[in-house]
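Those protein sequences? They're chains A and B, same order as listed. For the first sequence, numbering that gives the first Met the number 0 puts the final residue at 178, and the numbers step up evenly by one. For the second sequence, numbering that gives the first Met the number 0 puts the final residue at 207, and the numbers step up evenly by one.
The set of hints was computed from the structure by calculation and includes no laboratory data. Be aware that one or more of the hints could be misleading.
Said to hold, decoys possible - For lysine-lysine, the following DSSO-like pairs were computed, each having C-alpha atoms within a straight-line distance of at most 27 Å:
#1 A:174 to B:127
#2 A:174 to B:96
#3 B:74 to B:127
#4 B:96 to B:127
#5 B:147 to B:96
#6 B:89 to A:174
#7 B:156 to A:174
#8 B:100 to B:147
#9 B:127 to B:100
#10 A:174 to A:34
#11 B:100 to B:156
#12 B:100 to B:89
#13 B:89 to B:127
#14 B:74 to B:96
#15 B:100 to A:174
#16 B:74 to A:174
#17 B:74 to B:100
#18 B:147 to B:89
What the hints assert, rightly or not - Covered stretches of chain A (in silico footprint by chain B; criterion: 3 or more residues with CB under 8 Å from a CB of chain B, positions within the stretch not fixed):
#19 138-147
#20 150-160
#21 164-174
Using N, Cα and C, we set each Cβ at its ideal position, and we do this for glycine too.
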Amino acid sequence: MHIDPIFIIASALAIAVLLASAATHKLRAPARFAKQLADYQLLPEALVRPSARVIPVLELAIAFALLVPVSRSWAALTAASLIALYAAAIGINLWRGRRDIDCGCAGPDQAQPLRPVLLLRNSVLVGLALLASVAPIVRDLNVFDGFVTLFASAVALLIYAAADGLLANSPLLHKLIGR
Amino acid sequence: MEGLIVSNALLWILLLALAFAVMGLVRQIGVLHGRIAPAGALMVDKGVAVNEPAPQVTASDRNGRPVNFGYAGEKSQLLFFLSPTCPICKSLLPAIKSIAKEQADRLDVVFISDGDMDAQQALIREHKLDDVTYVVGPEVGMTYQIGKLPYAALIDKAGTLRAKGLVNSREHLDSLFEVEHLKSATLQDYLNSQPHPHAHDHSHGHSH
Chain A
0 MHIDPIFIIA
10 SALAIAVLLA
20 SAATHKLRAP
30 ARFAKQLADY
40 QLLPEALVRP
50 SARVIPVLEL
60 AIAFALLVPV
70 SRSWAALTAA
80 SLIALYAAAI
90 GINLWRGRRD
100 IDCGCAGPDQ
110 AQPLRPVLLL
120 RNSVLVGLAL
130 LASVAPIVRD
140 LNVFDGFVTL
150 FASAVALLIY
160 AAADGLLANS
170 PLLHKLIGR
Chain B
0 MEGLIVSNAL
10 LWILLLALAF
20 AVMGLVRQIG
30 VLHGRIAPAG
40 ALMVDKGVAV
50 NEPAPQVTAS
60 DRNGRPVNFG
70 YAGEKSQLLF
80 FLSPTCPICK
90 SLLPAIKSIA
100 KEQADRLDVV
110 FISDGDMDAQ
120 QALIREHKLD
130 DVTYVVGPEV
140 GMTYQIGKLP
150 YAALIDKAGT
160 LRAKGLVNSR
170 EHLDSLFEVE
180 HLKSATLQDY
190 LNSQPHPHAH
200 DHSHGHSH
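One chain only, chain B, in its complex shape:
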């Protein structure tokens, strides 16, 4: 009997310790989620400055309807520059589509491409982009001075360019919204403004 009581007490104590450890683990995962805020879209330093009014340009989409860029409107605009010949652009399409769906009430997503129309049609068929706004033509890319693909730019309701950058992953895309949220011109600026030494080193690597 004595042995059973001791064993029972011991089990309770160990169970309490185990439950404590599990709770601690969950908390740490929560902290990690907070720390790994999306980071990454690399700003190529040319073209329009972030937090300045975006250049205003109008181009027609592939059905001939005019699309305005950089004008104040009801929704923010996400410009996604792509090309049928760029494999990373294609790999990002599901992420772009899911962002467009999630934020449909506040964000218009515009796909901007250039080049051979047949290749565009094939891309649109393959990725089921029939319903999206899809602009084919060099005007927008030249106005925004896009040199590398895939590139994305975020313009807010007032027509201000909020974030832009080369995007290679879903995290890079999310970082554009994070930059908008942090109200810094770029993530690099934000990290520079943080006193943390590692963040500073990291941003140096990017900006020089």
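Chain A on its own, in the form it takes in the complex:
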């Protein structure tokens, strides 16, 4: 498949920023993340605390690796599998009927219950990460290409943040209109 490097670098950049921000939220409040992880009830209790330490470090490592051209491809595949793993965790708990646990998806102020739409959100992110793993066609990049790449990833991140905010707001809105 031949895809222009702009698409690939922009999506790698967007995923990298996303993972880095997720990791900083987790590193800033390790106790809260450990609690969210325990709430998912997927890991034996002895493993919850060590995993809560390792996951943010792993996310940061992937984020950095995504920015380096040499390691971009495998880092993107790792990111895709990590996000797919999160989706599986959400899916398993949805299947168990445990909808009322905190998703832990979008930072500290946006506690939201589990809903199937979160699986859609994660699959979009997996798609983006897979796009970043494709080997680009070789061409010279000039300043304007860099500009487009930077702005495209910034716009993608802002739209992602807006969509995420809408997702977090929707249970509150439903409560407000009494449904």
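Here the structure of chain A is known, so what remains is to put chain B in place on it, guided by the hints.
Relative to chain A, chain B alone:
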């Protein structure tokens, strides 16, 4: 060619600004959702004090089964006082039913009414209340000193009265649970304990 590049760059910059504005709007809506926590059920200052043990009374429901009020139990109890002659009570029934459904695992909802049995039957038929616990009789209302309708009282598992008040809307009903959540006796007390000047003015309007 030069013009196209300039136009493209300009479009990207404007798109970025637009996406930023949209994200800002979503965040502000989130903050608004947080701020408009349900507020309202007006406490009429008589009867049982909130955060005190609720008076214990037993009455029989419309099928003759005894219903206990104010005793410690497995679930919290929401007492909804209504009358077939009160239109606002009827308008609140869907909200009550949806609360009962949402919180079925932790909350028992009891409908308490008084007066003509035929009118009660008509109300029950009209609003499909056949399966709910429906008490007809003056005992409970007199024990809890209910003067105005529609009135609601929330009793927790331990038999403590957690919140009560005149309820005129779904928001008022939700505020009972909010009061329970905030652990203040009434929303007015909670607002009084907040340093915000507007909240203080607001509570004055209600309590005097």
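**Study point:** Index of numbered hints that the structure contradicts, given in increasing order
**Key:** Of the numbered hints, all hold.
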